[in-house]
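S.K.: Spelled out, the chains give:
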Amino acid sequence: EAQVTQNPRYLITVTGKKLTVTCSQNMNHEYMSWYRQDPGLGLRQIYYSMNVEVTDKGDVPEGYKVSRKEKRNFPLILESPSPNQTSLYFCASSPTGFRNQPQHFGDGTRLSIL
Amino acid sequence: GDSVTQMEGPVTLSEEAFLTINCTYTATGYPSLFWYVQYPGEGLQLLLKATKADDKGSNKGFEATYRKETTSFHLEKGSVQVSDSAVYFCALSEGGYGGSQGNLIFGKGTKLSVKP
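Residue numbers (the numbering used here), protein chains in the order written: chain A, 1 to 114; chain B, 1001 to 1116.
Hints were generated in silico from the structure; no laboratory data involved.
Take the hints with a grain of salt, since some may be wrong.
As the list claims (entries may be wrong) - List time: in silico DSBU-like cross-link candidates among lysine-lysine, alpha-carbon distance up to 30 Å: (1) A:K57 <-> B:K1108; (2) B:K1060 <-> B:K1108; (3) B:K1056 <-> B:K1108; (4) B:K1052 <-> B:K1108; (5) A:K65 <-> B:K1108; (6) B:K1068 <-> B:K1056; (7) A:K69 <-> A:K18; (8) B:K1077 <-> A:K57; (9) B:K1077 <-> B:K1111.
What the hints assert, rightly or not - Listed next, with one range per pair, are the computed distances between beta-carbon atoms: (10) B:K1060 <-> A:L41: 25 to 35 Å; (11) A:A2 <-> B:G1041: 14 to 24 Å; (12) A:A2 <-> B:R1067: 24 to 34 Å; (13) B:E1076 <-> A:G16: 30 to 40 Å; (14) B:A1053 <-> A:T15: 19 to 29 Å; (15) B:K1056 <-> A:V54: 28 to 38 Å; (16) B:S1085 <-> A:E62: 19 to 29 Å; (17) B:K1052 <-> A:S80: 28 to 38 Å.
What the hints assert, rightly or not - Here are a few chain B residues that sit away from chain A, every Cβ distance over 12 Å (derived from the structure): (18) V1004; (19) V1011; (20) E1015; (21) Q1045; (22) K1052; (23) D1054; (24) S1058; (25) T1065; (26) S1079; (27) S1083; (28) V1087; (29) S1093; (30) E1094; (31) K1108.
All C-beta atoms in this analysis are idealised placements derived from N, C-alpha and C, irrespective of residue type, glycine included.
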């Protein structure tokens, strides 16, 4: 089954404790992306990757890092999490990122930073 | 910059009622337009899409027509069911033009509740 898998689904942690949210897709997609969803703001892009070893900032990249060492994986790293990063996070992928290709989303990771 | 504006919710309807969720957009190029649906506790699923002016996307009884003259992509369904209760997001993508990065620009979402 074609899917985007995120882990963990839920995480409660404390300020400053480094964490990684993993994302993996099995569709051989070149393009992958991270979004955060906040009430009243919709979804906003954090980082994206056009292919292996190619990453770039989205609209709200501050406080986050990503890497793309393999095509299927695109982890999101919070080196020093802060409470304003409490949010619902989604990983997504599409074949190339071209405009007519819909993105496939994971089920989300709910992060609470205390 | 690009933006999407959709009607604010929540929207509450009775089963079999007609649904319209308004969506308008601002874009510099020739975007593709999407409707995504988010059921409780789940990720976003593509509901339908349209990639050029006058295209009509349709799926599961939902329809939306890409209107370039009014920069709109309103979602409609003739007879809603309880199972349609979800949050609906309108989105656009200009990926592939002018070096843009395939970013989906989302509206804020409209929560639909359908009562039996």
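S.K.: If a hint holds in the structure, say so; if it doesn't, say that too.
M.R.: Verification of the hints:
Note on K57 of chain A and K1108 of chain B: the hinted pairing holds, with a Cα-Cα distance of about 21 Å set against a maximum of 30 Å. Simply put, K1060 of chain B and K1108 of chain B have alpha-carbon atoms about 22 Å apart, close enough for the 30 Å limit, and the pair holds. Pair hint K1056 of chain B plus K1108 of chain B holds up; C-alpha atoms about 22 Å apart against a cutoff of 30 Å. About 23 Å separates the Cα atoms of K1052 of chain B and K1108 of chain B, which keeps this hinted pair within 30 Å; it holds.
For the suggested pair K65 of chain A and K1108 of chain B, the alpha carbons sit about 25 Å apart, so the restraint of at most 30 Å is met. For a cut-off of 30 Å, the pair hint linking K1068 of chain B to K1056 of chain B stands: about 12 Å separates their Cα positions. This hinted pair checks out: K69 of chain A and K18 of chain A have alpha carbons roughly 20 Å apart, not beyond 30 Å. A hinted pair counts as satisfied when its Cα atoms are at most 30 Å apart, and K1077 of chain B with K57 of chain A does not qualify at roughly 37 Å.
Annotation: proposed proximity of K1077 of chain B to K1111 of chain B holds, straight-line Cα distance about 15 Å (limit 30 Å). The supplied range of 25 to 35 Å is met by K1060 of chain B and L41 of chain A, whose beta-carbon atoms lie about 27 Å from each other. With their beta carbons about 20 Å apart, A2 of chain A and G1041 of chain B fall inside the hinted range of 14 to 24 Å. Between A2 of chain A and R1067 of chain B, the C-beta spacing of about 32 Å keeps the proposed range 24 to 34 Å intact.
Judged by the Cβ atoms, the range 30 to 40 Å given for E1076 of chain B and G16 of chain A is violated: they are separated by roughly 48 Å. Against the hinted window of 19 to 29 Å, the Cβ-Cβ separation of A1053 of chain B and T15 of chain A comes to about 49 Å, which falls outside the hint. The hinted window of 28 to 38 Å between K1056 of chain B and V54 of chain A holds, with their beta carbons roughly 35 Å apart. One distance hint, 19 to 29 Å for the beta-carbon pair S1085 of chain B and E62 of chain A, is violated here, with the actual separation near 35 Å.
Here the CB-CB span from K1052 of chain B to S80 of chain A is close to 45 Å, at odds with the stated 28 to 38 Å. Consistency note on V1004 of chain B: stated as away from chain A, yet its beta-carbon is not over 12 Å from all of that chain's, at 8 Å minimum. Listed as a non-interface residue, V1011 of chain B keeps its Cβ farther than 12 Å from every Cβ of chain A; the least gap is roughly 16 Å. Every CB of chain A is more than 12 Å from the CB of E1015 of chain B (nearest about 27 Å), matching its label as outside the interface.
For Q1045 of chain B, the requirement that its beta carbon stay farther than 12 Å from each beta carbon of chain A is not met, with the minimum near 7 Å. Non-interface call for K1052 of chain B relative to chain A: violated, since the shortest CB-CB distance, roughly 9 Å, does not exceed 12 Å. Distance to chain A confirms D1054 of chain B as a non-interface residue, since its nearest Cβ pair spans about 15 Å, more than 12 Å. Distance check for S1058 of chain B against chain A: the nearest CB is about 14 Å away, which clears 12 Å, and the non-interface claim stands.
For T1065 of chain B, the requirement that its beta carbon stay farther than 12 Å from each beta carbon of chain A is met, with the minimum near 16 Å. With a closest Cβ-Cβ approach of about 25 Å to chain A, S1079 of chain B is found to remain outside the 12 Å limit, as its non-interface label requires. With 12 Å as the threshold on Cβ separation, the claim that S1083 of chain B sits away from chain A holds: the shortest Cβ distance comes to roughly 19 Å. Not every beta carbon of chain A lies more than 12 Å from that of V1087 of chain B, the smallest distance being close to 10 Å; the non-interface claim is violated.
A beta-carbon of chain A is positioned within 12 Å of the beta-carbon of S1093 of chain B; the least distance is around 4 Å. Not every CB of chain A lies more than 12 Å from the CB of E1094 of chain B, the least distance being 6 Å, so the non-interface label is violated. Not every CB of chain A lies more than 12 Å from the CB of K1108 of chain B, the least distance being 4 Å, so the non-interface label is violated.
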